[in-house]
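J.: What follows is each chain in one-letter form.
2 protein chains.
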Amino acid sequence: MAAEVTTAQLIEKHRPTLDQALETIRSRAYWSPHPEHPKAYGENAAADGLAAFEALRGKRFELDQPGTDDWAGEEVSPYGPELGISYPHPDVAVLLPAMRAALPVWRDAGPEARAAVCLEILARISARTHEFAQAVMHTSGQAFMMAFQAGGPHAQDRGLEAVAYAYAEQVRTPERAPWSKPQGKRDPLELTKTFTPVPRGVALLIGCNTFPTWNGYPGLFASLATGNPVLVKPHPRAVLPLALTVKVAREVLEEAGFPADLVCLAVDKPGEGLAKTLAVRPEVRVIDYTGSTAFGDWLETHARQAQVFTEKAGVNTVVIESTDNYKGMLSNLAFSLSLYSGQMCTTPQNLLIPRDGIATDAGPKAYDEVVSDLADAVSGLLGDDARANALLGALVNPQVKERIEAAPGLGEVALASREVVHPEFPGATVRTPVIVKMDGGKPDAEAAYLSECFGPVSFAVAVDSAADAVDLLRRTVREKGAMTVGAYTTSAEVEQLIEEACLEECAQLSLNLTGGVYVNQTAAFSDFHGSGGNPAANAALCDDAFVANRFRTVEVRREA
Amino acid sequence: MAAEVTTAQLIEKHRPTLDQALETIRSRAYWSPHPEHPKAYGENAAADGLAAFEALRGKRFELDQPGTDDWAGEEVSPYGPELGISYPHPDVAVLLPAMRAALPVWRDAGPEARAAVCLEILARISARTHEFAQAVMHTSGQAFMMAFQAGGPHAQDRGLEAVAYAYAEQVRTPERAPWSKPQGKRDPLELTKTFTPVPRGVALLIGCNTFPTWNGYPGLFASLATGNPVLVKPHPRAVLPLALTVKVAREVLEEAGFPADLVCLAVDKPGEGLAKTLAVRPEVRVIDYTGSTAFGDWLETHARQAQVFTEKAGVNTVVIESTDNYKGMLSNLAFSLSLYSGQMCTTPQNLLIPRDGIATDAGPKAYDEVVSDLADAVSGLLGDDARANALLGALVNPQVKERIEAAPGLGEVALASREVVHPEFPGATVRTPVIVKMDGGKPDAEAAYLSECFGPVSFAVAVDSAADAVDLLRRTVREKGAMTVGAYTTSAEVEQLIEEACLEECAQLSLNLTGGVYVNQTAAFSDFHGSGGNPAANAALCDDAFVANRFRTVEVRREA
Numbered sequence: 002m003a004a005e006v007t008t009a010q011l012i013e014k015h016r017p018t019l020d021q022a023l024e025t026i027r028s029r030a031y032w033s034p035h036p037e038h039p040k041a042y043g044e045n046a047a048a049d050g051l052a053a054f055e056a057l058r059g060k061r062f063e064l065d066q067p068g069t070d071d072w073a074g075e076e077v078s079p080y081g082p083e084l085g086i087s088y089p090h091p092d093v094a095v096l097l098p099a100m101r102a103a104l105p106v107w108r109d110a111g112p113e114a115r116a117a118v119c120l121e122i123l124a125r126i127s128a129r130t131h132e133f134a135q136a137v138m139h140t141s142g143q144a145f146m147m148a149f150q151a152g153g154p155h156a157q158d159r160g161l162e163a164v165a166y167a168y169a170e171q172v173r174t175p176e177r178a179p180w181s182k183p184q185g186k187r188d189p190l191e192l193t194k195t196f197t198p199v200p201r202g203v204a205l206l207i208g209c210n211t212f213p214t215w216n217g218y219p220g221l222f223a224s225l226a227t228g229n230p231v232l233v234k235p236h237p238r239a240v241l242p243l244a245l246t247v248k249v250a251r252e253v254l255e256e257a258g259f260p261a262d263l264v265c266l267a268v269d270k271p272g273e274g275l276a277k278t279l280a281v282r283p284e285v286r287v288i289d290y291t292g293s294t295a296f297g298d299w300l301e302t303h304a305r306q307a308q309v310f311t312e313k314a315g316v317n318t319v320v321i322e323s324t325d326n327y328k329g330m331l332s333n334l335a336f337s338l339s340l341y342s343g344q345m346c347t348t349p350q351n352l353l354i355p356r357d358g359i360a361t362d363a364g365p366k367a368y369d370e371v372v373s374d375l376a377d378a379v380s381g382l383l384g385d386d387a388r389a390n391a392l393l394g395a396l397v398n399p400q401v402k403e404r405i406e407a408a409p410g411l412g413e414v415a416l417a418s419r420e421v422v423h424p425e426f427p428g429a430t431v432r433t434p435v436i437v438k439m440d441g442g443k444p445d446a447e448a449a450y451l452s453e454c455f456g457p458v459s460f461a462v463a464v465d466s467a468a469d470a471v472d473l474l475r476r477t478v479r480e481k482g483a484m485t486v487g488a489y490t491t492s493a494e495v496e497q498l499i500e501e502a503c504l505e506e507c508a509q510l511s512l513n514l515t516g517g518v519y520v521n522q523t524a525a526f527s528d529f530h531g532s533g534g535n536p537a538a539n540a541a542l543c544d545d546a547f548v549a550n551r552f553r554t555v556e557v558r559r560e561a
Numbered sequence: 002m003a004a005e006v007t008t009a010q011l012i013e014k015h016r017p018t019l020d021q022a023l024e025t026i027r028s029r030a031y032w033s034p035h036p037e038h039p040k041a042y043g044e045n046a047a048a049d050g051l052a053a054f055e056a057l058r059g060k061r062f063e064l065d066q067p068g069t070d071d072w073a074g075e076e077v078s079p080y081g082p083e084l085g086i087s088y089p090h091p092d093v094a095v096l097l098p099a100m101r102a103a104l105p106v107w108r109d110a111g112p113e114a115r116a117a118v119c120l121e122i123l124a125r126i127s128a129r130t131h132e133f134a135q136a137v138m139h140t141s142g143q144a145f146m147m148a149f150q151a152g153g154p155h156a157q158d159r160g161l162e163a164v165a166y167a168y169a170e171q172v173r174t175p176e177r178a179p180w181s182k183p184q185g186k187r188d189p190l191e192l193t194k195t196f197t198p199v200p201r202g203v204a205l206l207i208g209c210n211t212f213p214t215w216n217g218y219p220g221l222f223a224s225l226a227t228g229n230p231v232l233v234k235p236h237p238r239a240v241l242p243l244a245l246t247v248k249v250a251r252e253v254l255e256e257a258g259f260p261a262d263l264v265c266l267a268v269d270k271p272g273e274g275l276a277k278t279l280a281v282r283p284e285v286r287v288i289d290y291t292g293s294t295a296f297g298d299w300l301e302t303h304a305r306q307a308q309v310f311t312e313k314a315g316v317n318t319v320v321i322e323s324t325d326n327y328k329g330m331l332s333n334l335a336f337s338l339s340l341y342s343g344q345m346c347t348t349p350q351n352l353l354i355p356r357d358g359i360a361t362d363a364g365p366k367a368y369d370e371v372v373s374d375l376a377d378a379v380s381g382l383l384g385d386d387a388r389a390n391a392l393l394g395a396l397v398n399p400q401v402k403e404r405i406e407a408a409p410g411l412g413e414v415a416l417a418s419r420e421v422v423h424p425e426f427p428g429a430t431v432r433t434p435v436i437v438k439m440d441g442g443k444p445d446a447e448a449a450y451l452s453e454c455f456g457p458v459s460f461a462v463a464v465d466s467a468a469d470a471v472d473l474l475r476r477t478v479r480e481k482g483a484m485t486v487g488a489y490t491t492s493a494e495v496e497q498l499i500e501e502a503c504l505e506e507c508a509q510l511s512l513n514l515t516g517g518v519y520v521n522q523t524a525a526f527s528d529f530h531g532s533g534g535n536p537a538a539n540a541a542l543c544d545d546a547f548v549a550n551r552f553r554t555v556e557v558r559r560e561a
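So the protein sequences, as listed, match chains A and B.
Okay, so the first sequence: first residue is 2 according to the working numbering, each after it adds one.
Okay, so the second sequence: first residue is 2 according to the working numbering, each after it adds one.
Quick caveat, the hints were computed from the structure, so don't treat them as lab data.
Careful: at least some of the hints might be erroneous.
Because identical chains share one entry, a pair is satisfied inside a single copy or across any pair of copies.
Claimed, not checked - Result set (SDA-like, lysine to any residue): computed pairs, CA atoms no more than 20 Å apart in a straight line:
id	residue 1	residue 2
1	K40	P179
2	K443	R475
3	K60	P271
4	K182	E24
Between the sequences and the hints, there should be enough to build the whole structure, so can you do that?
T.: Here it is in structure tokens:
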């Protein structure tokens, strides 16, 4: 096929962005080439994005992939409307070999060309951020602004970060090296060596419902940038954002003269369990997965032919021991508990508070007082329905609602959840968080708060002391895993205990956040998402280990 | 404890060596700080080394480890003599927690101090290379010169290489970074972030019989340099080289003010299967293993709490299609087949030769002619008993001898194995290689040559054509794995086919070697040992992927 754009042109266009990303993953400074503000995308972008989204509804999503044997799709927006889009369903025995056949030319293109093509894909996605925002909103239930930012620029940042890591890792060994070993008086031994990064095979991305792009892009772009064709298997309730991604990737690949089949989509029929079939296929050598612990464990156990990267469930914990900014702490925590109805893998679940109370800049506060002040802070934050809708979004599935409704049975309710009406989408289920008091010493309470209760349910766990809180934190991370840990303390000693616990149990820690940074948000290029060292995830987004084993280096040596 | 040497002193002493190693793993040039020539170690070094070795025999090898509940050891030199050394046998329930308890101070020392301590350990080992050579010779059966070089400087090089990779990987993320995100007209969001590389836990090294130090040092030093305490479980027949290593490591650690228990030894009793017990202990989070495919697969399947790095069996292949240096090719191959009686994981097993013969600078050669010329080259190389003993060494275990004796039953013998008497050690079993002709088209032959036949047994497999050879090469690597692939061809087209097969199946390729570099030897800092991408091994020695997942990075962020 004739390329419409050469890889040299793409390299010239994107090299400065790649270089900046390479610099930033080492400095860990703030940077993003993807604007966060919706208005930055042009005057008509919002209307155009909405129109583009609406134009997709009720139709087939054509992709021109090999081996399409049927059409599947049953997405219903958490805001109410059915999307009515059907997607290609694959004959795996046709699609996977076709993808595998596309590998050599992509491998031979080399790391820089692959990075440039990936950056062009991200640039095209960025230009359509408003359309993606609608797609993310109406599959995840995120409120528009969050769907826009987390599903758009922040996801694109994480994709770019993965490309930078992948590129850096592949070029560390030179393409070619002379080698000359002295032999005393005899001639030296001389070899010429070439080193080629080779992909492992087809990579499978198994997407999640809540953050289809944000959690999907790191694996997708890490695999593609290291030369692996990528098959995208979205969550059945969140297909569209990844289907659009696949479509853009195929367009760019084809324009650049590469086989479009390097990126394909696989959508399953109801109850088919296509992910299980795909995960153990011999062609599939890399898998990225975000979702339940049960299926993550299944993948790690059964997909032995593949490198498996999983993000699973965890029990995120905040230790509240003391603070010099009580008001700031309460408002920071209230926001963290409310954002996207607590449906983030990073949302705090357990708030560990000494039963004798805490010291604050507003005087000592009893356990009950802290909990009720936090409940008030949440109520205040979400008192206005418009603001509540803008922060909470809709519940992603009926199980979250069931958990909210079951929460009062677990303990004394400190804050009851209320229903919020969405003015634009009356079909949406919007609920404010529930906070339940728990006695940390009671075994039946422990069974509840030591399980992940995904959604806007938090437990205010009364503990005996700071030391007791740290012990419980340790046990929680070790046994249940955690994507995030937060802590509030003015004591250097307690801070040190908490930090040591996080180093030992391998958890990412946010200390004394009282302003506009929240424990549940991480920034690409600077923050690691997860540690890869506790049961919540076996990898971090994004580090060298996330990319280094997606390819291998083949050496050919010849006498010089 | 009071340190006799500070880490600052060790850093000052070893930083130049570390820097040179860091530079060389990127340039892939020739370099080694460890002299290959026995005479470079001083006039009395050989005698002193031998005396030191002899002084160890017939005694307890004291290590002062916690939890020693018994003494074990039954090493018999492949050259005949019993070593008579007994080593500490661990009460695992005492030893592992003690090792885990030593972790925090080692983690807190940081990457540079850990690297410096590792380099001091290597320097002390290097100074005792003659003693190690005796220990390697009398456990592996390697001839002295090979035990000296491969067990000494080459193993030390691989250890140093692992330290360099580990250090580089840990310092890629800064210890500390400011982060400032603009907020339009409002104040920027400002955080201070710290990043700490944290080890995964206790690392287990399961040693092999043939190359206890060479195959053991990469994992041992990669784990130790990334902060993991290392428990060394040697092969029961090759304990001494690793016991000496543990002893040196403990001495250096203690002198530098660290707990000696960061490196411990675990020797099992006959039939105990201690490796299985250790491999699934919760404290053990990293495992390095070299040995049989069966146990490697067992580890990968069952030691799910650990990162598992395995080097297993493979079927190494050489394609012989044409050459412009027939004599050089024959002598190069003859050496490769003979060295250490073919008991290297890198020794070629299958020689694929077109049944219509090959083109050479000495005219066309029929299949039979090539095989008999190769047989003659091996016979010539090993005709002199002294030279044969110096190259072959002793058979490492009785199973190798059984395989030699079974080989004539597999096909027509082109070269029969002969017994060589060792003048110094009449108890040694020294055998020259056997070459068996095989018809590549026959299914019963295929069953034989597609299994690893470890030892000095090679198969000259007649194939239909160069294309047929490449097909068989592909299948062999894909299904059985290969540590090495060799090829001889003057055809650019055939070379391209072979190279493509190696890129696709992920195998390291040596092309047209006719001089003093052999397909079965790799040089640290420059050559990768294995690819980690075919069934012979899931990791390469040494690359970034070998070290990147031995630690995780914990981030702590605070408002600035």
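J.: Does each hint fit the structure? Answer for all of them.
T.: Each hint, compared with the structure:
Taking the shortest Cα distances, K40 and P179 never come within 20 Å of each other, neither inside one copy (54 Å) nor across copies (29 Å). Within a single copy, K443 and R475 get their C-alpha atoms as close as 18 Å, which meets the 20 Å cut-off; across copies the closest is 61 Å, which misses it. In the homo-oligomer, the alpha carbons of K60 and P271 lie at most 20 Å apart inside one protomer (18 Å), although the nearest pairing across protomers, at 69 Å, exceeds that limit. In this assembly of identical chains, K182 and E24 lie within 20 Å of each other by CA distance solely across copies; the values are 17 Å between and 35 Å within a copy.
Consistency note: the structure conflicts with earlier hint 1 alone.
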